[in-house]
Structures are given as C-alpha cells and as structure tokens.
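Chemist: In order, the protein sequence lines correspond to chains A and B.
Counting from 436, one number per residue, gives the positions in the first sequence under our numbering.
Counting from 3, one number per residue, gives the positions in the second sequence under our numbering.
Warning: the hint list may mix true and false statements.
Derived list of chain B stretches under chain A, where covered just means 3 residues or more per stretch with a C-beta under 8 Å from a C-beta of chain A [what the hints assert, rightly or not]:
1. 325 to 333
2. 383 to 394
Counterexamples of contact, computed for chain A against chain B with all Cβ distances above 10 Å [as the list claims (entries may be wrong)]:
3. Arg532
4. Ala570
5. Gly624
6. Ala628
7. Asp632
8. Asp661
9. His667
10. His671
11. Gly673
12. Leu695
13. Asp703
14. Gln731
15. Arg739
16. Leu741
17. Gly748
18. Ser797
No wet-lab data here; the hints were simulated from the structure.
In this text, a Cβ means the ideal position worked out from N, Cα and C, and glycines have one as well.
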Amino acid sequence: MTAPLKVVAAMSGGVDSAVAAARAVDAGHEGVGVHLALSKNPETGRDSGRGCCTLSDARDARRSADILGIPFYVWDMAEEFSDGVLDDFVAEYLAGRTPNPCMRCNEKIKFAAVLERSMDLGFDAVCTGHYARIAQSATGERELHRSADPHKDQSYVLGVLTAQQLAHSMFPLGDSLKSDVRADASERGLLVANKPDSYDICFIPDGDTAGWLRNRIGAEPGEIVDALSGKHLGNHEGAYAYTIGQRKGLGIKVAPADGLPRYVVGVDPASRVVSVGPPTLLDVDSISAANVRWTQATPEVGQRCLAQVRAHGDQLPATIEQASDGGPLVVSLEGTFRGVAPGQSLVLYDDTRVIGSGTITSTSRRAPARA
Amino acid sequence: MTDSKSASAVAYLDHAATTAMRPAALAALTESAVELGNPSSLHSAGRRSRRIVEESRESIADRLGVRPSDVVFTSGGTEADNLAIKGLFWAAVAADPDRNTVLVSTIEHHAVLDAVEWLVDHEGARVEWIPAGINGQVDVDWLAERLARDASHIALCAVMWANNETGVVQPVESIAAMCEEYEIPFHCDGVQAVAWLPEPARWRSRKSSLAISAHKFGGPVGVGALVVNGVTPHPLFHGGGQEIDVRSGTVATALIASAAAALHETASNRSIEVPRVRELSQRLRAGIATVAPESVVVGEASERLAGINSVAFPGCQADALLMLLDSVGVACSAGSACTAGVPRPSHVLLAMGVPSDQAQGTLRFSLGWNSQPSDVDALIAALPAVLERARRANRGGSRVAAGAS
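The shape of chain A in the complex, shown without the other chains (with noise of 0.2 Å):
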C-alpha cells in the first residue's frame, strides 16, 4: 500500500479484526472502528426503542479502537441485515434449501452497505479481521487468494466478492497464521487476545438452527419417507429443519434392510416431505449454480479449476461445462462430493485464487451408482 488510506475497520469486538485495524493503522493509513450493530433484538432486557447488539462485544470493540488511539462508532445495520441476511435465510430454508448467511452478510453488509456507506462518507476501504489475501495480477487487477493459515482460511465466504468490491477492501491478516495474529494481538495489550473464536451463526449464538427455524417459522408437520421404496418412516415438526446429508434426528425407528446409514437426501418444501436415503444417493459430481459472481472476466466453458462447496471443506477438480455473465454455472468435477445441499455456495478456485461462486441450485450423478 503506498498512498494511506481512509479506512473503516469494522470491529466485532473480536481478535482478528482489532489486530487488522491495527495492522491497517500501522502501514499508515487512518483508520476509524465502526462496530456493526446487526440485531434488533433487545439481548439487554431493555423495549425495542433501546435494544442493542451484544453489549460486551461493542465493548470490547470499544475498548481495542481506544487501545489502537483510533475514533470508534457504532453503525447501526439491524434493519439492512434483517431484511438481507435474516429473511433471505428463513427463506432459503422454507424453499428447502441450505443458506450460508456469512456469505449473505458479506455479499449485502459487510461489502455493500457499509462498503457503499464508507465510500459515501469519505472513506476508501474497509478493512476486516477475514483470512484471506488480496494480490494484485499482472495486469493491475485485484485477484482473491487463500490465506496462509489453511485452517482459518475464509477466502470461500468472500468468494461472492466482485473486483470493484476488493478493490475497496482491505485483508490485513491474509499472511498470518491464527496463533500469530494472538500473539500480535498480546503485544498490543489487546485485552482481546484470548478471547474465544466464534464458530456459530452469530445470530444463532446456540447453534441450535432447527429450534430457532422453529421459534421464527412454527411447526408445518410432514412425512419422513424412505426415497428408494417410498416407505413411510416417520413424522417431523417442519421440512426446514432437515438439510441434505443430515443423519442425526432423524428419528427413525425401523432399521434398513441394507444395514447402512440413512442420511436426509431430499427435502420437498411444497409436500414438506423429508426424504431418507443410504449415503450413496448423497454422492454427486454435477452441480449448477446460479447468482454467480465472478472476480474477473467470465472464465471459457472447458477452464479447468477446484471446486468447494463447503467453507472448510476439501476441493475437488473441476471442469467448467457451462458459463456465462450471470447466466447459470455447470460444473462437472473429478471425483464426487457427499450431502451437497442447494443453497450451499460453489466457489471456484484457479490453485489459491478465486474465480468466483455461485448458490447451488441442483446436483447430480451423471453416472448413478447404486447401492
């Protein structure tokens, strides 16, 4: 970076993103700490009119800004992230499919209104605690990689980023492995250096998805059937709280003929019938995706590259059959993937780089093997 930079660093109250707005403050550029806050719902007891985020991650976002000597301001984005984050997954899974809502967050929060309202007000990036790298190519563009810490590694849920997007953003953690990054953090006397990684929906603090579907959506019962025979298994409370590749709470009495596993292989939301398959069904080595996004030029049909399909997931290879600017993906992969719901996000990479992503919209087994 030569020039420096007015910089919003966005803050959860996290380690990662206050070493990041250090690290940004560092290389020069002036930084300002804006906590977001996400939720409407008031977690302090206190009416709606005065309802907040969590309050100690505001605080201590509050307190490393105060540690780095940078302003810091929350930005109020409950209603953006309600209308383009929580509704979207309600959605997604009444439409019996599987949403990744950091990715929602990333594609219409994180990177768009408060990229958007940072530009507006005179900053010109915005700086997160996300590992992953921004390189230049050799022609001038702003290419996405992997980041050197292959376990934190969160260049999956930024594949919906465009060029322009990461042109106006800023990865100071890309090159660092997690441990580093605690240890900077420690350095600084950030008293957040030890402070638990978040691995859940930030929204859904327990992890409990079902039981927070169930308290949004209200029971809709339905059939569980077996999808090879068609057989009745059982009952269940709502179709959305089954996502392909599931086999835990199935509960299913009868034990198969063929003594394997039964796992979720399809969900209908219109009949609400959940139905139960052997692993095998669950196999796939097509899939088409749609809302696709690519970092730079639409790729040739025929470009070979790894596909991903899951934020920690493995890679496999992967041959790009259909493409086009916003038009559907198809790609066929060497190999197959297991339990790939609809919903789910297909990033592509070219080694490390992204070359961009898509919401899944159907797999499938272009040579079925039977059980």
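Please build the complex by placing chain B on the supplied structure of chain A, with the hints as guidance.
Modeler: Just chain B now, kept in the frame of chain A:
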C-alpha cells in the same frame, strides 16, 4: 497519525453533556481533597470536613433559594431523579395504597423515564404521560384537565425544568402551582436548567423536589443533589443515613465543596455569561442557516436555555454528521445512544411530533461558560463539506456492490 491523536477537539460544542470545570471548582476540589476526616466522625478532623460540607450546603441552598436542610447530596443527577421518583412514589403509596399513579412528561431524561418504567414493571405503579407539543413544551392544559378530573390516585407528577436535548424551558411554575392546588408532590429535573436560569425557585410548591448535577454547571462529575421542599422520599439505599436519613453513603466532602464553588461562580457570573452565550448561540444558528438553509431549529418559538441549540438537517443521518464533524475536531451530540452505542431516534423529538426525516438528522450543539466565537466558527466552516457527504450517504450514492441480487 490517527484522528484521536492529531485532531484534538478544536471546537467543543457538547457542554450539555458535560461542561468544563470552573477554576474555582477545581481549586475547591484540590483544597478539600486533602482533608482527612470523614464528615460523620466526631473528632476534630471529622468536624473540619463536616464544616466544609455544611458551608457548601448553605452556599448551594442560598443560590437555589432553599433552606440548607433541604439539600440532600447525591452522586449526581441520575441518583437524585431516581431518589425523587421512586422515593416519593414509595412514600405516597405507604401513606395511601390507592395513590399509585405517576404523571410524567414524555420528554423527560431517561433518569426519570426509566425510573418510572421500573416502578410500573416492578412496584405496581400506573403511569400517565403528559404530552408535549411541537414547540417542545409539555401541555399544561392537558395536565389541568387531568387534575381537575380526579387527582385522588396521583402519587406524584414529574416535569423537567428545561429539556436536555432541545433546551426548551418548561412551564414548571404553573405546573408546580397546579400540583400544589391538588396537594400532589411535584418533582422537577433541573439538571440542565440551574446553570442558566436566574429565577431559582420556579419549581417550588409546598411539596416539591429538584434534581441538580454539579458537572452541568462547572463542577465535578459524581456529585449532585436532590433539593426537597415539604417532601421526604423513601431512601433508595440503606446504611448510615448520612443525608437526613434519606441518602446513605460517606459524604463526599471535596466533590461537594467543588460543586458549591461551581454554583457560586455560575450564579455570580450569570448576568454576564448568559447574554454572552446567548449571543454565541445566535451566531451559531445564523451561521447554520446560511450554510444549510433547509435546516430547522427545534423548538425555535419557545423560551430556550441560552446554550442549547437543537438543529435538524433534513436528508442527513445524525450519526453520520456526528462522525464527520468529529473527524475534523468538532464535538457535538446526536440525541441519545444506547449502552452499546447504537444511535437511536430521540424520544424527545418523537414525542414532540418532529417529522422523522428531521428527527433522524438532528444534532445538539451546546455551548458553555467558556465557549468562544472560534468554536462556533469552526463548526460553520466544517459544515458544508460534512453536510454534502452525509447527504450522499443518506441517498446511497456509492454503488460499489453493483450486481448484488
């Protein structure tokens, strides 16, 4: 390198949040802080401290036009308001369980509002809200009608002397008289008013109380008082009963001495300072009107405190304005923020019926005893660029994420 290090405030326009300590108050604080004795102790060191406290009490009482024995020192305005609202409610209900209704204005500070809501949630209180008009004043006619209908269940009535956000002075004299007529205790939050208003006893009735806070008139943070006149609130907390058995806790000698010195200096300089600050406020409003003709002064038609200027900038978000002004060293305030710092629309402006596009873009510029023309001029110089950016942000000018579905 960073904002907070390079741009120390060039213009502090947030004196209503807390104002600069007056030199006399600082001197009194450091002088008294070395006194060893606890004012409640019986030995000579204790007596020395006690003497400082009582002289301070007499000085404050004199300035407020009350008896020294009516001044109950507290930790500040919030405690004084809580002591009055809860303590007077408890006292009323203890005397007559049917007196469980609190009449309170919609534009009170949270120290009053939240205390009332706590009584409703936990102590079986009923609340009736005294409405306010677009002029920023509470509706005295509403109160008169309400009291004429039936005053037998009313435990107390609370209306502030002057509003902290708009500076609008409330008709507390008529309200006090009405409450006196119906023999209802009247509590008046005078936290913002006492620094500015020359008439010390507008709030007084035969049964009334007044909350004050030292750091609003050039004293230290952490000390205030509830002035009681013909009422004895039940205590909030229990212990030594140091302050006429209404308030327990070691008496804060140095803070009290400093508060008394601050009020003394405030009152002594008032005839010079108030017109001076009023003129600065006029300069500020005229300057804003020039660079932002669409702006609206909230409560413009009403009598207002000399230092408080609440200005709405339609088409802007107050938190964006505040941040941009902060970045160039101009400190002001944007209504209230919750504990986590989330900006909220002001309940005061909403209660007055200020249109939402004005309410969400309203800033408070408050001047104090040591404000200078240069403070005002720094704001006016910064405003055009700040307004332009804030308007752009409100319209959503930059579309970085084009193509978002």
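Chemist: Give a verdict on every hint.
Modeler: How the hints compare with the structure:
no., hint, result
1, 325 to 333, "holds (count 4)"
2, 383 to 394, "holds (count 3)"
3, Arg532, "holds (14 Å)"
4, Ala570, "holds (20 Å)"
5, Gly624, "holds (16 Å)"
6, Ala628, "holds (21 Å)"
7, Asp632, "holds (22 Å)"
8, Asp661, "holds (36 Å)"
9, His667, "holds (38 Å)"
10, His671, "holds (30 Å)"
11, Gly673, "holds (26 Å)"
12, Leu695, "holds (39 Å)"
13, Asp703, "holds (24 Å)"
14, Gln731, "holds (14 Å)"
15, Arg739, "holds (26 Å)"
16, Leu741, "holds (24 Å)"
17, Gly748, "holds (24 Å)"
18, Ser797, "holds (18 Å)"
No hint from the list above goes unmet by this structure.
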